[in-house]
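Participant: Number 110 in my numbering belongs to position 110 of the sequence shown; there are no gaps in the numbering.
These are computed hints drawn from the structure, not numbers from a lab.
Incorrect hints may have been included.
Claimed, not checked - Dumping the calculated DSS-like pairs for lysine-lysine here, alpha-carbon to alpha-carbon at most 27 Å:
#1 K71 <-> K95
#2 K95 <-> K12
#3 K95 <-> K41
#4 K41 <-> K12
#5 K12 <-> K71
#6 K71 <-> K41
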Amino acid sequence: MSSPPPVVTIVKDEALLRSLVFAMEAHGYQVEQFGSWIAAKERSSVAEILVLDGSLPAMDIEECLVLAAGKRVVLLADEDIDRVRPRQNILVLHKPLSGSDVIAALAALRSNA
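Whole structure, please, built from the sequences with the hints as guidance.
Facilitator: Structural data, given as structure tokens:
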């Protein structure tokens, strides 16, 4: 039996990344974690869902969203994230947020698959 595709999580802040990974794994998600888009780029193609930090450089966010076309994305937004146009497969969560916020977003994206 094969394991489900991972949730690829790209978050610049190490403390936030650790807490998100902990919450997702506690709820049964297989998670691959990265601190930059460059490090995650190759693994993004196998992801079920991408969790993307809005604190990443704007060019990284745009490149990720282009290459993730058709993938489901949770975007962890800072207040100034309005540069991202809303799309059907992107859920935007505004910081500050909790692990339960991210889990609810992942569940919502999975149910809309």
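Participant: Confirm or reject each hint.
Facilitator: Status of the hints after comparison with the structure:
1. For the given pair, K71 sits about 22 Å from K95 by alpha-carbon distance, which is consistent with the 27 Å threshold.
2. Our distance criterion of 27 Å between C-alpha atoms is met by K95 and K12, whose separation comes to about 14 Å.
3. A distance of roughly 24 Å separates the Cα atoms of K95 and K41; the hinted pair therefore holds under the 27 Å criterion.
4. For the given pair, K41 sits about 14 Å from K12 by alpha-carbon distance, which is consistent with the 27 Å threshold.
5. For the hint pairing K12 with K71, the CA-to-CA distance comes to about 21 Å; that is within 27 Å, so the pair holds.
6. Among the hinted pairs, K71 with K41 is consistent with the structure: their alpha-carbon atoms are about 13 Å apart, no more than 27 Å.
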